[in-house]
Amino acid sequence: MKLALILLSVLAVSLSHARDFRVGDRIIDQWGNPGVVSELYSSQKAKVTLDPQDYVREISFLGKGYRCMEDVCVGRKVIDQWNNEGTIVEIFDNGMVRLKHSLGGAIYTRRLAELGISLDCLRDMSCRCHNDPNPR
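Each residue of the sequence shown is one higher than the one before, starting from 51 at the first, in our numbering.
Hints are computed from structural coordinates only; laboratory data are not their basis.
Note that the Cβ used here is the ideal one computed from N, Cα and C, for glycine as well.
Don't take every hint at face value.
[To be verified] Under the rule of at most 27 Å between Cα atoms (straight-line distance), these lysine-lysine pairs were calculated in the DSS-like manner:
no.: 1; residue 1: LYS127; residue 2: LYS95
no.: 2; residue 1: LYS114; residue 2: LYS95
no.: 3; residue 1: LYS97; residue 2: LYS127
no.: 4; residue 1: LYS114; residue 2: LYS127
no.: 5; residue 1: LYS114; residue 2: LYS97
[What the hints assert, rightly or not] Simulated DEER-style distance windows between Cβ atoms:
no.: 6; residue 1: ASP121; residue 2: GLY74; range: 18 to 28 Å
no.: 7; residue 1: SER93; residue 2: ILE129; range: 37 to 47 Å
no.: 8; residue 1: CYS123; residue 2: ASP70; range: 36 to 46 Å
no.: 9; residue 1: ARG117; residue 2: GLU89; range: 34 to 44 Å
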């Protein structure tokens, strides 16, 4: 009986981590390869289709796609460390983004933390933001 309870609690813990992902979720793996979850396993693994082939990955290495992460959303203009300008086309909860290069339209992957985000203005004494009734 104790063994059955332990197995059920282990399975419940495993499934509680896996429920953050669903079959069909857009993901990106640890190497920046985008894809879709095609199967989930209680062993904390997922079968993912990484355009166009299937692979098995540890769930902890996958980032789940969202429209926005905090104040940064799909469609925001950015600049990378090599001064390449682009627009975010996908954003993932592991800090990875997929960008469309402004010249040529190539899609590439970068870490959000390494990008400069386009702003309407910088918040300092000279900033006169049109949305801000009380500029600092």
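Status of the hints after comparison with the structure:
| no. | hint | in the structure |
| --- | --- | --- |
| 1 | LYS127 / LYS95 | violated (34 Å) |
| 2 | LYS114 / LYS95 | holds (14 Å) |
| 3 | LYS97 / LYS127 | violated (32 Å) |
| 4 | LYS114 / LYS127 | holds (21 Å) |
| 5 | LYS114 / LYS97 | holds (14 Å) |
| 6 | ASP121 / GLY74: 18 to 28 Å | holds (27 Å) |
| 7 | SER93 / ILE129: 37 to 47 Å | holds (41 Å) |
| 8 | CYS123 / ASP70: 36 to 46 Å | violated (20 Å) |
| 9 | ARG117 / GLU89: 34 to 44 Å | violated (25 Å) |
In terms of the numbered hints stated before, the structure departs from hints 1, 3, 8, 9, listed from lowest to highest.
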